[in-house]
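Chemist: In order, the protein sequence lines correspond to chains A and B.
Under the UniProt record's numbering, the first residue of the first sequence is numbered 1, with each subsequent residue one higher.
Under the UniProt record's numbering, the first residue of the second sequence is numbered 1, with each subsequent residue one higher.
Don't read these hints as lab results, they were simulated from the structure.
Owing to the predicted nature of the structure, the values given are computational and were not obtained by experimental measurement.
Idealized CB from N, CA, C, for every residue including glycine.
Fair warning: there could be bad hints in the mix.
Restricting the straight-line Cα-Cα distance to at most 20 Å, the calculated cross-link-like pairs of lysine-lysine (PhoX-like) are [said to hold, decoys possible]:
#: 1; chain 1: B; residue 1: K128; chain 2: A; residue 2: K128
#: 2; chain 1: B; residue 1: K23; chain 2: A; residue 2: K128
#: 3; chain 1: A; residue 1: K115; chain 2: B; residue 2: K23
From the derived model, a few chain A residues whose C-beta atoms are all more than 12 Å from chain B [as the list claims (entries may be wrong)]:
#: 4; residue: D75
#: 5; residue: A98
#: 6; residue: C103
#: 7; residue: T145
#: 8; residue: L199
There are 2 protein chains.
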Amino acid sequence: MTTLFGYFRSSAAYRVRIALNLKGLDYDQVPVNLVKSEQRGGDHLARNPQGLVPSLVLDDSTVVNQSLAICEYLDEVYPMPALLPVNALARARVRALAQLVACDIHPLNNLRVLKYLVGELGTDETAKLAWYRHWVTEGFAALETTLATDPSSGDFCHGNTPTLADICLIPQVYNAERFECDLAAYPTIQRIAAHCRSLPAFTKAAPEVQPDAG
Amino acid sequence: MTTLFGYFRSSAAYRVRIALNLKGLDYDQVPVNLVKSEQRGGDHLARNPQGLVPSLVLDDSTVVNQSLAICEYLDEVYPMPALLPVNALARARVRALAQLVACDIHPLNNLRVLKYLVGELGTDETAKLAWYRHWVTEGFAALETTLATDPSSGDFCHGNTPTLADICLIPQVYNAERFECDLAAYPTIQRIAAHCRSLPAFTKAAPEVQPDAG
């Protein structure tokens, strides 16, 4: 059985859960508690030298790391339903939307970075929250403009089926809400998020229903 | 003619220059001066609502954003020489190596983040450099382990032809050197970087030979 090593609140693990669910694949989950620094233990480092989650371990023990690489791998091995459109320009659009979140928002706001701000730079709670919200605002403002002005947007970020872009967006919206970011300025993001959250592949991937949810 | 809107020192623009060169494609360059905040001007925001570089503008004025999405687009439209292997697991490995740099090192160290540290958090020069080097160390230590222990590594990050992983690695090495990070602990990264830097596709993409190099 395919095994996902993740953490219920990790955006990156959440992405992979959505992808696995959209593909209709069964998988076991093994929690790696980031708050307890289990990702720094030898067992996990052997499969993920970065000490990050998620890692997907296949039946034959092969490890696939990095959430976007895992999603693209799943899409190549299990092509239907597709997580990317067929047309090259449309694929580029979906990947760019996914990367806006996965390269330009999430890396700045994940737990290891917030820990560094507080522990090494002595950032207080107010400044930490301002940091978090700043990068969400920067990214979501641009994403809202892109989604609201491009006719390729539909019920989902691209057209009327879920893609890699939605897989990245929903965990980011979840975490933005957790940090009480004001999302009122992003009606298109909110509309798409509400639609995704009506679907079992997304609801079953939500942090609060994972086995390690505290 | 395809036009790349970039900046000579931007890692993300540097990646796209390498990819265009590897594909043997001609392109015009229009500099967007990040130090002068030209990326926040209306002209650039119209093509890139995030106010980031690079943007690739095609002959028919279509805009493609996000460096990894641009590279994958080029690889799909101009398949040879390939920037990704054929096998799905090998493709996942290359994408994961690329994303280790593009999602877990570079986003923390680019100019807008360093500006926020100094301007908003009052971080001094010493702490800013420590921040920069911390994320390079975190990422490169894991990358070195992965490259040095996996027999799939070759003259390049994956095998004996350049891939998306090398396209991401070389700009990161360049910027790590610029910030005087100690790379002695990463002999495999250094070996691969030296090999890449012997090739015209990489040397022609180097920041110091770009039209906007100051």
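Chemist: For each hint, tell me whether it holds in the structure or not.
Modeler: Here is how each hint holds up against the structure:
no. : hint            : verdict
1   : B:K128 / A:K128 : 16 Å, holds
2   : B:K23 / A:K128  : 43 Å, violated
3   : A:K115 / B:K23  : 41 Å, violated
4   : D75             : 9 Å, violated
5   : A98             : 8 Å, violated
6   : C103            : 5 Å, violated
7   : T145            : 4 Å, violated
8   : L199            : 25 Å, holds
The structure fails hints 2, 3, 4, 5, 6, 7 (numbered hints given earlier, in ascending order).
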